[in-house]
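Student: The primary structure of each chain is shown beneath.
Protein chains: 2
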Amino acid sequence: MYYVLSLQNKQRKSSSICPFVSEQVIDTLPAKSTGEHVYVEFRHERIAKNEMICRSQAFYQFMNQRRTLRFFSTDPVPIEVIQNCVLTAGTAPSGAHCQPWTFVIVKDKIIKTQLREVIENEERVNYDHRMNSDWIKDLGPLMGTLHVENEIVKPYIEEAPYIIIVLKQQYGLKNGKRIAHYYPMESVCIATGILLTAIHNANLVSLVSTPMGAENAIRSLCNRPDNERVLFFMPVGYPADNATVPYRNDEYLRKSIEDILYIV
Amino acid sequence: MYYVLSLQNKQRKSSSICPFVSEQVIDTLPAKSTGEHVYVEFRHERIAKNEMICRSQAFYQFMNQRRTLRFFSTDPVPIEVIQNCVLTAGTAPSGAHCQPWTFVIVKDKIIKTQLREVIENEERVNYDHRMNSDWIKDLGPLMGTLHVENEIVKPYIEEAPYIIIVLKQQYGLKNGKRIAHYYPMESVCIATGILLTAIHNANLVSLVSTPMGAENAIRSLCNRPDNERVLFFMPVGYPADNATVPYRNDEYLRKSIEDILYIV
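Chains A and B are the protein sequences, given in the same order.
Quick note on numbering: the UniProt record's numbering labels position 93 of the first sequence as 93, and the sequence is numbered without any gaps.
Quick note on numbering: the UniProt record's numbering labels position 60 of the second sequence as 60, and the sequence is numbered without any gaps.
Since the hints were derived computationally from the structure, they do not count as laboratory data.
The structure presented is a predicted model; accordingly, all values stated were derived computationally and were not measured.
Be aware that one or more of the hints could be misleading.
To be verified - Using C-beta positions, here's what the derived DEER-type ranges look like:
1. 74(A) to 258(B): 27 to 35 angstroms
2. 107(A) to 46(B): 37 to 45 angstroms
3. 171(A) to 241(B): 35 to 43 angstroms
4. 113(B) to 132(A): 22 to 30 angstroms
5. 220(B) to 257(A): 21 to 29 angstroms
6. 220(B) to 259(A): 18 to 26 angstroms
7. 170(A) to 175(B): 38 to 46 angstroms
8. 117(A) to 140(B): 44 to 52 angstroms
9. 158(A) to 140(B): 45 to 53 angstroms
10. 132(A) to 110(B): 42 to 50 angstroms
11. 133(A) to 76(B): 48 to 56 angstroms
12. 226(B) to 50(A): 39 to 47 angstroms
13. 50(A) to 175(B): 36 to 44 angstroms
Stated by the list, open to error - In silico DSS-like pairs for lysine-lysine, Cα to Cα no more than 27 angstroms straight-line:
14. 177(B) to 255(A)
15. 137(A) to 255(A)
16. 107(A) to 107(B)
17. 107(B) to 49(A)
18. 177(A) to 137(B)
Cβ atoms here follow ideal geometry from the backbone N, Cα and C, with glycine treated the same way.
With the rest of the complex left out, here is chain A:
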């Protein structure tokens, strides 16, 4: 990715941002037609094999720096950054290209306070009734100072400048008519992986949380229709000055390539 160069070299035009993927990908004249469907040539410029290796390794090192944060600064962040990250998530592939996702950016302080109340109350119920002791034990090390002696507090919901709510559209609505969505769960989660990458690329931190039990209340607070389901609740912003993350000892290290990759 050459865009850092382009930032430092303003006279370059934006097409120099990704010189190895032809701008022609964004559509030129139709190249081929099959029945009623029209296709365009996909133009692609190869790079040297050693550059591919370097690029892939550097991107791994870059992404391996990402940590999930639970301590956010209240400092403001330009909303354009968050909007660009959401647009990037929207480039994800999806079942039959249905793009079954909705993203809500919450910046309103009052709504954030209401979200915190709903989520902390439901989390109390989760810990007391919905989650088993193994689950609570497994989560313990990740919670830092937020869950101490049975106390559950999530101040970051009010402290982070933005919350991104990721919703899955069970079905679509077009001119009031239902349209089928295929693999919406898989599609929206893939988009969320791209969203996380974009947030990290923007030098911000986040937390992907699943607000168990609070989904409908969150959807109502965000004023979303009932063909949508809340999947993820993601505070986004700068880390707090005193932010900590779990120490990665043998138990919490990321798995090694031998543990996750097999070649046949």
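Given chain A, work out where chain B should sit, using these hints.
Tutor: Frame of chain A, contents of chain B only:
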């Protein structure tokens, strides 16, 4: 991301790859302890707000170039690139940090031929019995010349130098003991979104497909245990010289920001 600079400036050490995320994130001495759990300070260097905006916009433009491909070149690709992309996927967050994913890279020609046979046969059944007419109609425009006059062929399964099989671990196994996994579907799909980003960053193309009906046969061909489920089947490589992609007319364009993003 400065790693392109670092590629062009070999004497820089790899820590110069992401100057804005401190290497200290990869763990220094414990900073804080809560009961039995140990935490480290999360160090983070901010960048200028206008740089965040440029970076996020450039990354969006870069990712918006990605297209799903169904026509692959047989040209070889260094396996290190694919390994790095898988390692990058492995940096994804996951429920209680269980990392419930397995990736299999298929490079063996015979196995690829067997995979093609299994998948084409099941796809025939999908079209005849498992999918309704709307679904088949919705997929039509995406299939290009592969599904013409009821003929279903997937030559790319044999042509692509690698197939990445993404598997979800329903539960983990540690020293023969079952360990619970939380939100494995969400976690593995998020990792797949990061995998796709890494493949695009490496200047390669892919197709995220869901091999309906063939999951168990694929798992057996990859010799994976039955706590794992095949989620995605992803050929990876260079596009074929004559590769085409669906023409993005009004109907197939990516949704606009107004269609996917709401701010409250």
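Student: Evaluate each hint against the coordinates.
Tutor: Hint-by-hint comparison with the structure:
1. For the pair residue 74(A) and residue 258(B), the beta carbons lie near 29 angstroms from each other, so the given range of 27 to 35 angstroms is met.
2. A hinted range of 37 to 45 angstroms is violated for the C-beta pair residue 107(A) and residue 46(B), which are about 20 angstroms apart.
3. For the hinted restraint 35 to 43 angstroms between residue 171(A) and residue 241(B), the CB-CB distance of approximately 39 angstroms keeps it satisfied.
4. For residue 113(B) and residue 132(A), the Cβ-Cβ distance of about 45 angstroms falls outside the hinted range of 22 to 30 angstroms, so the restraint is violated.
5. At roughly 23 angstroms, the beta-carbon separation of residue 220(B) and residue 257(A) lies within the given 21 to 29 angstroms, and the hint holds.
6. For residue 220(B) and residue 259(A), the hinted distance range of 18 to 26 angstroms is satisfied, since their beta carbons lie about 21 angstroms from each other.
7. A beta carbon spacing of about 40 angstroms between residue 170(A) and residue 175(B) agrees with the range 38 to 46 angstroms that was offered as a hint.
8. Checked against the given bound of 44 to 52 angstroms, the beta carbons of residue 117(A) and residue 140(B), roughly 48 angstroms apart, stay inside it.
9. A hinted range of 45 to 53 angstroms for the beta carbons of residue 158(A) and residue 140(B) is consistent with their spacing of about 48 angstroms.
10. Between residue 132(A) and residue 110(B) the CB atoms are about 44 angstroms apart, so this pair conforms to the stated range of 42 to 50 angstroms.
11. Under the hint 48 to 56 angstroms, the C-beta atoms of residue 133(A) and residue 76(B), about 51 angstroms apart, fit the expected range.
12. Remark: the range hint 39 to 47 angstroms for residue 226(B) to residue 50(A) is upheld by a beta-carbon distance near 40 angstroms.
13. About 41 angstroms separates the C-beta atoms of residue 50(A) and residue 175(B), a value consistent with the hinted range of 36 to 44 angstroms.
14. Straight-line distance between C-alpha atoms of residue 177(B) and residue 255(A) comes to about 18 angstroms, which keeps the hinted pair within the 27 angstroms bound.
15. Between residue 137(A) and residue 255(A) the CA atoms are separated by roughly 20 angstroms; this keeps the pair inside 27 angstroms, and the hint holds.
16. Under the criterion of a C-alpha separation no larger than 27 angstroms, the hint pairing residue 107(A) with residue 107(B) is inconsistent with the structure, at around 48 angstroms.
17. Proposed proximity of residue 107(B) and residue 49(A) is supported: the alpha carbons are some 18 angstroms apart, at most 27 angstroms.
18. For the proposed pair residue 177(A) and residue 137(B), the alpha carbon gap of about 17 angstroms is at most 27 angstroms, so the pair holds.
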